[in-house]
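What follows is each chain in one-letter form.
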Amino acid sequence: MDESLKSAVLTQQANESGPSLLLRGVRKTYGDVIAVDGLDLEVARGECFGLLGPNGAGKTTTIEICEGLTVPEAGSVELLGMNWHSSANELRQRIGIQLQETQFPDKLTVEETLCLFRSFYRHGLSVDESIKTAQLEEKRRSRVGGLSGGQKQRLAMACALVGNPELLFLDEPTTGLDPQARRHLWDLVDELKQAGRTIILTTHYMEEAERLCGRVAIMDHGKVIALGTPQQLIASVGAEHIVEIAVTGKDENAHGVLDSALLKAIPGIQSHRVDAGLHQFSVSELHTAVPRIFAALKEQGLHLSEFRTHSASLEDVFVGLTGRNLRDE
Amino acid sequence: MSKLVESSLFQLTAVRFRLLLREPEAIFWIFVFPILLAVGLGIAFRNRPADVLQVGATTTQLTQALASDKGLTAATMDETVGTHALATGNILLLAIQTSQGVAYKYDDTNPDARSARLLANRAIQIAAGRQEAVHAQDRLVHETGARYIDFVVPGLLGMNLMGSAMWGLGFSIVEARQKKLLKRMVASPMPRWQYLMSFLLSRLAMLVIEVVFFLGFAWLVFGVPFRGALWELGVLCVLTSLAFSALGLLVASRAKTMEAASGLMNLVMLPMWILSGVFFSASRFPAVVQPFVRALPLTAAIDAMRGNMLQGMSLAQLAVPLGILLAWFVVPFAVSLRIFRWK
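Sequence order for the protein chains is A and B. According to our numbering, the residues represented by the first sequence are 1 to 329, in order. According to our numbering, the residues represented by the second sequence are 330 to 672, in order.
Simulated from the structure, these hints should not be mistaken for lab results. You may find that some hints are simply not true.
Said to hold, decoys possible - According to the in silico footprint, chain A covers these stretches of chain B (three or more CB under 8 Å from chain A): (1) 347-353; (2) 426-434; (3) 513-526.
Idealized CB from N, CA, C, for every residue including glycine.
Can you build the whole structure from these sequences, using the hints too?
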């Protein structure tokens, strides 16, 4: 074995033990706006990691810094044990990228587009394999301009996969897709996870993060405000159910004034907040707490005009942390 | 697939070629438009056989004298009718019998009427018995190379090379940037120089088809002369195309939208359509602006092509325009590589 090959194998081994992605104190500003504010992240091999947050939270800037498309002002970025200063070409060979809103040329066919991208990589899947993985066999000879939104997104995935990457970045892969196309793409990501690839994806759909990601970082204003498995994060809300009620006074028109202290005293109710006249309680023992809520309202002489419950989700985690909804912006 | 076909430079160039050929408008502007223009101009400015001029006379005797000249057809009419015919352009000249001799009524600002005056007077004098003092004989020539079509074909060729190179490079690059495709390509391990090189390679391949097609047409249909070496004409076309590709690249190097790019493109090309002698000689512009006009790449390209095709000049004799073209290739190319915005 010659020396260079030996050292390549050694680095390979060293790389394999470390994390896929390591960010330390990463910072990026655009004028007065701080897009990413001292971010630390670590993603292990084989993980599917989600960056969840509203538009403008800094998800895309973060992922583009990881992809080497944006240079951070401060902090260090390490992928597969390498950094963008010294190993840019090597890194580009080993990562796969799907950007938000890339438009491939309309007048090329699916196959031609993939042949082009395949030609950039030393090793990788065959064009046939990538078409098969993205389930575009029937569209192989169709022009890109004639594909549906979901098919275009799957083509973008195929282009990201054609170099057989160890690390895959997906930036809002399902934004703008209809529910069916979205589920189709989720199945594709599931397959890639099972194949053992490390995947980092951004999304502003909480159900997408819950469905796909082993771990999630919730981002807001350029910072990670919560980090953990979806289950851990949801548990941090303090209760597994959310109850939402709206009330009116005795005569139907008067606005009801709810004494929230009385309700909060009910066992099982963890927290309370008001959003546009709607009272939200996080509740752990739904079956015992709800009758007591009804009783308390009756005591105060209030009418219930709305009543809903749902299981706590990542959305509620975000609301609990920021007081805003994910899709407010 | 062979190694060549799998190489990224081949794939990038093939993609450029496919995209161009699948754009019907591009095919029209590159292949059909210059030929339509050449045909139109060829018809409008064709050299007609010498016209027979219409004249009138007030007596049959005069009419007979006039009709004896091959260059004239004459009709007899009285003065009122003749004056009306003059005013409506049916005749160019009216010969009126007067007591002293003959009077010619015509418009001396009309060159054809002045010719008619000379022919009519000669015919009448000869009929009256004038003898030529010196024997004269006509030897007619119709030289190719001196016609308007011969002049305009190299001009159209230069204009076409400018348009296809600038639009071909500038528009495609800005489109790729606007559609975030450029960003996606840069995020892949594609060597960046190959991306730009693929544009030049596909341009040169298109150039061969484009030039052979257009000049072949001009040669077959109009018999336009090729007096210089054909390979030297080829060198001129390649250099012209490279110079305008570099300009197209420069225009595209920072523009973010197609609108901005079209604006810049027209700003660069419009002055050259007018100033660079496509349709008429650039030397008609005042001496003050001549240094500027001569320094334009299209002027240099067209001058060199006319020198080669019409005068059979060698590349050595065309050193000045060649140098100007080379500078227009090197400088914009170097600048655009420095300022090119990949994202």
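Hint-by-hint comparison with the structure:
no.: 1; hint: 347-353; verdict: holds (count 4)
no.: 2; hint: 426-434; verdict: violated (count 0)
no.: 3; hint: 513-526; verdict: holds (count 6)
When the structure is compared with the earlier hints, a violation turns up for hint 2 alone.
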